[in-house]
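The chain contents come next:
There are 2 protein chains.
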Amino acid sequence: MTGHPADEPPVALSIGEARDLARRVLGACGLASDHAAAVAETMVRGERDGCTSHGLYRLLVAARSVEQGVAVPDAVPQVTEPAPALVRVDGGGGFAQLPFERGMPLLVAKARRYGIAALALNNAVHFAALWPEVEALAEEGLVALAFTPSHAWVAPEGGTQPVFGTNPIAFAWPRPGRAPFVFDFATSAVARGEIELHRRAGKPVPPDWGYDPQGQPSTDAEAVLAGAMRTFGAHKGSALAAMVELIAGPLIGDMTSAESMAADEGRGGSPIGGELILAIDPAGFLGAGVSDHLARAEAMFAAIEQQGARLPGTRRLAARARSDTQGLAIPAQVHRDIMQILEGRPPK
Amino acid sequence: MTGHPADEPPVALSIGEARDLARRVLGACGLASDHAAAVAETMVRGERDGCTSHGLYRLLVAARSVEQGVAVPDAVPQVTEPAPALVRVDGGGGFAQLPFERGMPLLVAKARRYGIAALALNNAVHFAALWPEVEALAEEGLVALAFTPSHAWVAPEGGTQPVFGTNPIAFAWPRPGRAPFVFDFATSAVARGEIELHRRAGKPVPPDWGYDPQGQPSTDAEAVLAGAMRTFGAHKGSALAAMVELIAGPLIGDMTSAESMAADEGRGGSPIGGELILAIDPAGFLGAGVSDHLARAEAMFAAIEQQGARLPGTRRLAARARSDTQGLAIPAQVHRDIMQILEGRPPK
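One line per chain: the protein sequences are A and B, in this order.
Here the first sequence stands for residues 1 to 348, numbered as in our numbering.
Here the second sequence stands for residues 1001 to 1348, numbered as in our numbering.
This is chain A alone, in the form it adopts within the complex (with noise of 0.2 Å):
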């Protein structure tokens, strides 16, 4: 980190030698060509639209769960069809962006013939935020939902200690002629890399973010880090995480967060475990009736926008928008640590 200045400018890349680059660094990495290709994509569509915590960046922490024996960098996805209207992929250890790759197909397909179908992910290792997963759906003409636990690090709405992962919900709407609906949250009350964040910077966090290992609401990122985080929204998002526990976990015969938790034995690793997809085919309920029934929800986001509000996901697809014209822009730290992973010396 030294002998560099902080302000100088970052590395440009067009979007296809950010795609190249991540694939080169996880191929070094030892991943499979197959899951390299996959891993990369997400990486890229992370990067392009403005989610860098979930862009380039995470080929450093990719590398570091190959290096740990955490993720299969060579896992083969097995597909099976437990149920009619049932898809599962085993991704054997590996990473979960070529199981969802290999299960996707079967998903719509059965979405398009039963009316409604589910996926499920299992033995992956999650790294990703999970709104492209859904927004592919949606590209496909699908509504899709998406669940996956983490590690136990959230406690329950009126305990301290933690029990739930920070389990994200995304959903997405397909939009004739545009980018679909998704929105994709923790049902924590902030991100972990938040309080990770604050924990570099010295800076202490908000005294409703968390409680240390005594269980008492604490300021200190680090003891908060260590000890529990809360939902958001209370009870309420209290009693999504557990839906999204067993949804994601029991229900398709995974891990719960504290399951993967004590299954890491303090690596330090991604979350190893399932996720749980619901795909449902809007022409299953409107036949011809489709279009006529998209165009009244596309009068309910023009409600929403006319007075101002937001849309989930409107930053994201500004920042696409402008990766579309003007390339990517890489820390140039960033840049040189996965540079480093090329020339074989992993960063630390």
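These are computed hints drawn from the structure, not numbers from a lab.
Quick reminder that beta carbons are idealized off the backbone N, C-alpha and C, glycines included.
Careful, some of the hints might be misleading.
[To be verified] Simulated DEER-style distance windows between Cβ atoms:
(1) R1199(B) x G93(A): 51 to 61 Å
(2) T1325(B) x A299(A): 47 to 57 Å
(3) T1325(B) x P204(A): 47 to 57 Å
(4) D7(A) x A1295(B): 53 to 63 Å
(5) A191(A) x R1322(B): 22 to 32 Å
(6) R1175(B) x G93(A): 41 to 51 Å
(7) L317(A) x T1219(B): 29 to 39 Å
(8) R1200(B) x A299(A): 32 to 42 Å
(9) G1093(B) x L197(A): 51 to 61 Å
(10) A179(A) x T1325(B): 51 to 61 Å
(11) A295(A) x G1327(B): 49 to 59 Å
[What the hints assert, rightly or not] Some chain B residues well away from chain A (every beta-carbon gap over 10 Å; in silico):
(12) R1064
(13) P1073
(14) R1088
(15) R1113
(16) E1139
(17) G1159
(18) Q1214
(19) R1267
(20) G1308
(21) R1322
(22) G1344
Assemble the complex: chain A is given as a structure, and chain B must be docked to it using the hints.
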């Protein structure tokens, strides 16, 4: 309301007596007997579980709905199967309880056959909580979710004008040998009835509950009722409220909360429109492993309760146990108003 002491004792009824009374009153309102039985059952379940605002008190609301022509008293629900895993019940403008009863067996059968299934209730009058429906599905061993819009009373985060309804989300999870894990909450910051209670008591509401019709935060309950309520959980709750509008409105070919409000034409009736119910069979993903994995869910519930946090529904189940041994206690004034309907003098 005059001439009766405020502290007069409540009227004691057994659950069976309450059911008979509710059926007779609904019959006196003109409801067809199958509707009367279904609606009475929902009200008795509310009363029994201590949800008095959804209990026998609602007989007064139902009576007014029929009298005003909001609800069709003898609608015949039409059940169709628009896709293999989808059920639709057109309620024909009647109360939603009978349509749910008519659609549920097919929903259960489809969830068991396909692994996941969905039921849309259309064109039905909604005045009740969603938890009795998802609980009934969990009693069949299924995991269930339910969503419904209402009237446009709630502003999106970042705006001040009403777009969303109070848009509840309900969830139920089967627990071997005991009552299901169930939650059911509005995505508005508080229930609309809560603001109404403040208005009646002449008490100010907290400044973060809503806006007056000019879009200013207000502590005046009447102004907030005329203006807009806020969602719970800031932008996350607002995103969920939008999702409920979409999936229980346009996705199933039914009204958004704004459209339901417009259709009401100022009568102040219960919302008319759709409801979406999802059911997932744990055996679909788990096969013979269901009981092992449900046991892992029990471990999560234990981790919540062992630290002194309450599971959602705990108070409701305690009230249920009390009601089952001690019977019900109906406030004297509510009982008197109900009896007036039987005597052909509907209360104002």
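For each hint, the structure was consulted:
no.	hint	result
1	R1199(B) x G93(A): 51 to 61 Å	58 Å, holds
2	T1325(B) x A299(A): 47 to 57 Å	51 Å, holds
3	T1325(B) x P204(A): 47 to 57 Å	51 Å, holds
4	D7(A) x A1295(B): 53 to 63 Å	56 Å, holds
5	A191(A) x R1322(B): 22 to 32 Å	42 Å, violated
6	R1175(B) x G93(A): 41 to 51 Å	31 Å, violated
7	L317(A) x T1219(B): 29 to 39 Å	37 Å, holds
8	R1200(B) x A299(A): 32 to 42 Å	35 Å, holds
9	G1093(B) x L197(A): 51 to 61 Å	54 Å, holds
10	A179(A) x T1325(B): 51 to 61 Å	57 Å, holds
11	A295(A) x G1327(B): 49 to 59 Å	52 Å, holds
12	R1064	29 Å, holds
13	P1073	27 Å, holds
14	R1088	6 Å, violated
15	R1113	7 Å, violated
16	E1139	16 Å, holds
17	G1159	3 Å, violated
18	Q1214	13 Å, holds
19	R1267	22 Å, holds
20	G1308	6 Å, violated
21	R1322	22 Å, holds
22	G1344	42 Å, holds
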